[in-house]
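All chains should be built: construct the whole structure from the sequences, respecting the hints.
Residue numbers (our numbering), protein chains in the order written: chain X, 1 to 151; chain W, 152 to 302; chain U, 303 to 453; chain S, 454 to 604.
If you're looking for bench data, these hints aren't it; they were derived computationally from the structure.
Be aware that one or more of the hints could be misleading.
With a straight-line Cα cutoff of 27 Å, these simulated DSSO-like cross-link-like pairs (lysine-lysine) come out [to be verified]:
#1 K404/U to K102/X
#2 K310/U to K335/U
#3 K461/S to K486/S
#4 K310/U to K397/U
#5 K253/W to K159/W
#6 K461/S to K253/W
Simulated restraints, written as ranges between beta carbons of each label pair [said to hold, decoys possible]:
#7 T411/U to R547/S: 25 to 33 Å
#8 A459/S to I183/W: 47 to 55 Å
#9 T109/X to A157/W: 28 to 36 Å
#10 G398/U to D198/W: 53 to 61 Å
#11 A321/U to G499/S: 12 to 20 Å
#12 G291/W to S446/U: 50 to 58 Å
#13 E158/W to A321/U: 49 to 57 Å
#14 K548/S to I381/U: 13 to 21 Å
#15 A19/X to D349/U: 33 to 41 Å
#16 N592/S to R396/U: 39 to 47 Å
#17 P2/X to G291/W: 54 to 62 Å
#18 Q15/X to K246/W: 32 to 40 Å
#19 G549/S to K246/W: 40 to 48 Å
#20 A321/U to I183/W: 18 to 26 Å
Built from N, CA and C at the ideal position, the CB exists for glycine as well.
There are 4 protein chains.
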Amino acid sequence: MPESGAEKMAEQVAQTMMAGDRFSALLGSELIKAGPDYCELQLSVGDNHINNHDICHGGVFFTLADTAFAVACNSANQIAVAQFCQISFLAPGRKGDRLSAKARRVGGTSRSGLYDIEVTRLSDGALLAAFRGHSRQLNGQVVSSGDSQAG
Amino acid sequence: MPESGAEKMAEQVAQTMMAGDRFSALLGSELIKAGPDYCELQLSVGDNHINNHDICHGGVFFTLADTAFAVACNSANQIAVAQFCQISFLAPGRKGDRLSAKARRVGGTSRSGLYDIEVTRLSDGALLAAFRGHSRQLNGQVVSSGDSQAG
Amino acid sequence: MPESGAEKMAEQVAQTMMAGDRFSALLGSELIKAGPDYCELQLSVGDNHINNHDICHGGVFFTLADTAFAVACNSANQIAVAQFCQISFLAPGRKGDRLSAKARRVGGTSRSGLYDIEVTRLSDGALLAAFRGHSRQLNGQVVSSGDSQAG
Amino acid sequence: MPESGAEKMAEQVAQTMMAGDRFSALLGSELIKAGPDYCELQLSVGDNHINNHDICHGGVFFTLADTAFAVACNSANQIAVAQFCQISFLAPGRKGDRLSAKARRVGGTSRSGLYDIEVTRLSDGALLAAFRGHSRQLNGQVVSSGDSQAG
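This is the structure we're talking about:
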């Protein structure tokens with residue numbers, strides 16, 4: 001089945017956003033899949049992600065989930081920002097764990113969206129953290145139309 | 152006024168936690184002040200903290216606030232972990248901003264605590280993000296009694 | 303397929319909880335279905351549920367969802383209470399709407415649970431509000447063993 | 454000190470909102486004080502507010518706090534609605550308790566506001582629940598200018 005225009009746009013937006021996201025690069029977050037209102041990222045928990053309790057820092061979970069959320073809620077190439085997010089920590093992450101964050105839209109209006117992001121451990125699918133984010137669209141586009149035609 | 156035992160313990164816990172927190176070190180978070188149920192951290196927004204919209208990544212705000220929260224809720228040397236956190240993004244951070252996160256206890260029970268953390272821009276005191284966190288005490292101590300006697 | 307013991311217990315707990323819940327009776331909440339870690343309630347929006355903007359009061363959505371959550375997280379006959387809840391209002395309810403709240407467990411540990419509750423409009427299935435609740439088990443049972451044998 | 458125009462408007466908005474709020478009337482919520490970005494309501498926990506655990510239903514806490522929030526965020530006579538709310542339950546309410554909910558603005562932008570609402574027990578000031586709400590302004594006014602001139 002060929003990709004739709006919305007799917008191509010979502011991929012282009014995701015690649016653009018990840019390429020310009022310096023903090024996600026610092027963490028080692030990797031883009032796995034993007035589509036309309038959807039994104040999956042992955043990250044391997046390493047030495048730099050650990051806190052003093054010797055478990056993965058909550059900020060790593062949050063950042064991975066928040067970035068998947070951002071990519072998903074910008075996927076139509078309309079700039080949107082996070083207004084409010086919450087995260088529930090259900091089980092700790094350990095060094096060596098491969099984490100997956102999958103973002104999907106739950107509901108909302110044209111300009112305001114609610115997204116759920118689940119952070120799981122890839123080895124066994126255990127749900128380690130559940131994130132819920134609220135986005136608000138602003139004026140402006142992620143990929144300019146010149147870039148888009150070239151894409 | 153001489154420091155109380157609780158104040159000395161809170162400082163020792165804070166220094167121990169920050170020394171072992173690899174992810175906060177990666178971000179450049181600095182301990183400013185710690186006390187019973189209280190902590191202030193600061194961080195300067197640099198090149199590595201920026202996302203594709205050219206503003207400070209939400210994960211940087213969250214991590215700074217979450218770490219101040221962790222230090223505050225462990226300040227009595229009883230290990231506690233975050234169960235649930237929420238963050239409201241009120242205004243963006245820019246490269247060069249100096250951010251301050253101040254955590255304080257709002258209420259709760261002996262084992263379960265509610266903390267508010269405000270992230271402000273040091274230059275003008277503007278409130279950039281408001282964070283609320285729920286902690287739960289576990290068994291175990293941050294600083295072992297041997298360390299404590301030596302401290 | 304005959305009901306399991308867990309299903310029977312969940313139904314008995316649900317009936318006991320709803321029978322003793324004076325506030326839910328005042329609102330007109332009705333038990334539709336209960337099972338292990340699951341509950342559905344319904345309510346018809348009437349004159350008494352309206353606020354000054356002439357739409358259903360947010361407290362009605364919250365109460366309906368919170369009660370479905372309470373029934374679901376007590377379903378194993380172990381008393382649990384809400385620690386922390388959040389609700390996102392996605393679209394207004396109107397007088398005459400029939401609301402459905404469905405609660406299900408998302409994750410957690412043996413003593414601490416995370417539940418999602420969706421409040422929809424029955425006529426078209428539109429998602430009007432999304433609720434997320436965190437429960438904590440206490441000592442004690444909803445249905446005493448004497449009652450249970452008699453049930 | 455004479456009241457400012459903003460204070461008079463806030464009082465008029467509060468009285469109008471409470472007069473039209475059928476659900477708050479059903480609960481017995483009473484307006485104590487209103488001002489710009491501020492509101493205090495009170496309620497006495499009675500037979501109808503109790504759940505099956507024989508404590509005040511979480512929906513009563515939420516509704517009281519949510520209504521104080523609504524009055525505070527509409528106080529400039531510009532209609533605003535709740536987008537997202539969270540509540541932390543810190544200690545139970547009992548029959549006979551007099552509850553107070555005080556709402557105040559924490560931050561935000563011109564159209565989007567963050568409010569904190571504390572629900573306390575009047576007899577001893579104990580913090581029973583902490584509520585945080587996010588509002589969004591819509592077009593329209595609570596009190597029409599004809600009403601306002603008459604007020």
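Quiz item: Okay, K548/S versus I381/U on CB: inside 13 to 21 Å?
Solution: Hint holds: Cβ distance 19 Å, inside 13 to 21 Å.
Practice problem: Take a look at whether the Cβ-Cβ distance between E158/W and A321/U falls inside 49 to 57 Å. | Solution: This hint holds: roughly 52 Å between Cβ atoms.
Quiz item: Taking only the CA atoms, is the gap from K310/U to K335/U under or equal to 27 Å?
Solution: Holds, at about 12 Å.
Quiz prompt | Range hint compliance [Cβ, G549/S to K246/W, 40 to 48 Å] | solution = violated, 56 Å
Quiz item: Is the Cα-Cα distance between K253/W and K159/W 27 Å or less?
Solution: holds, 19 Å
Quiz item: Between P2/X and G291/W, does the C-beta distance stay in 54 to 62 Å?
Solution: Given a distance of about 56 Å, which is inside 54 to 62 Å, the answer is holds.
Quiz item: Taking 27 Å as the top limit, are the C-alpha atoms of K461/S and K253/W close enough?
Solution: violated, 36 Å
Self-check item: Outcome of range test on Cβ distance (A321/U, I183/W; 18 to 26 Å)
Solution: Roughly 55 Å apart at Cβ, these two residues miss the hinted range, so it is violated.
Self-check item: Pairwise hint evaluation, K397/U against K310/U, where the allowed Cα distance is 27 Å at most
Solution: violated, 35 Å
Quiz item: Within 47 to 55 Å or not, the Cβ separation of A459/S and I183/W?
Solution: violated, 37 Å
Self-check item: Range hint compliance [Cβ, A19/X to D349/U, 33 to 41 Å]
Solution: violated, 56 Å
Self-check item: Beta-carbon spacing of G398/U to D198/W - inside the hinted bounds 53 to 61 Å or not
Solution: holds, 56 Å
Hint compliance for this structure: hints 4, 6, 8, 9, 12, 15, 16, 18, 19, 20 are broken, all remaining hints hold.
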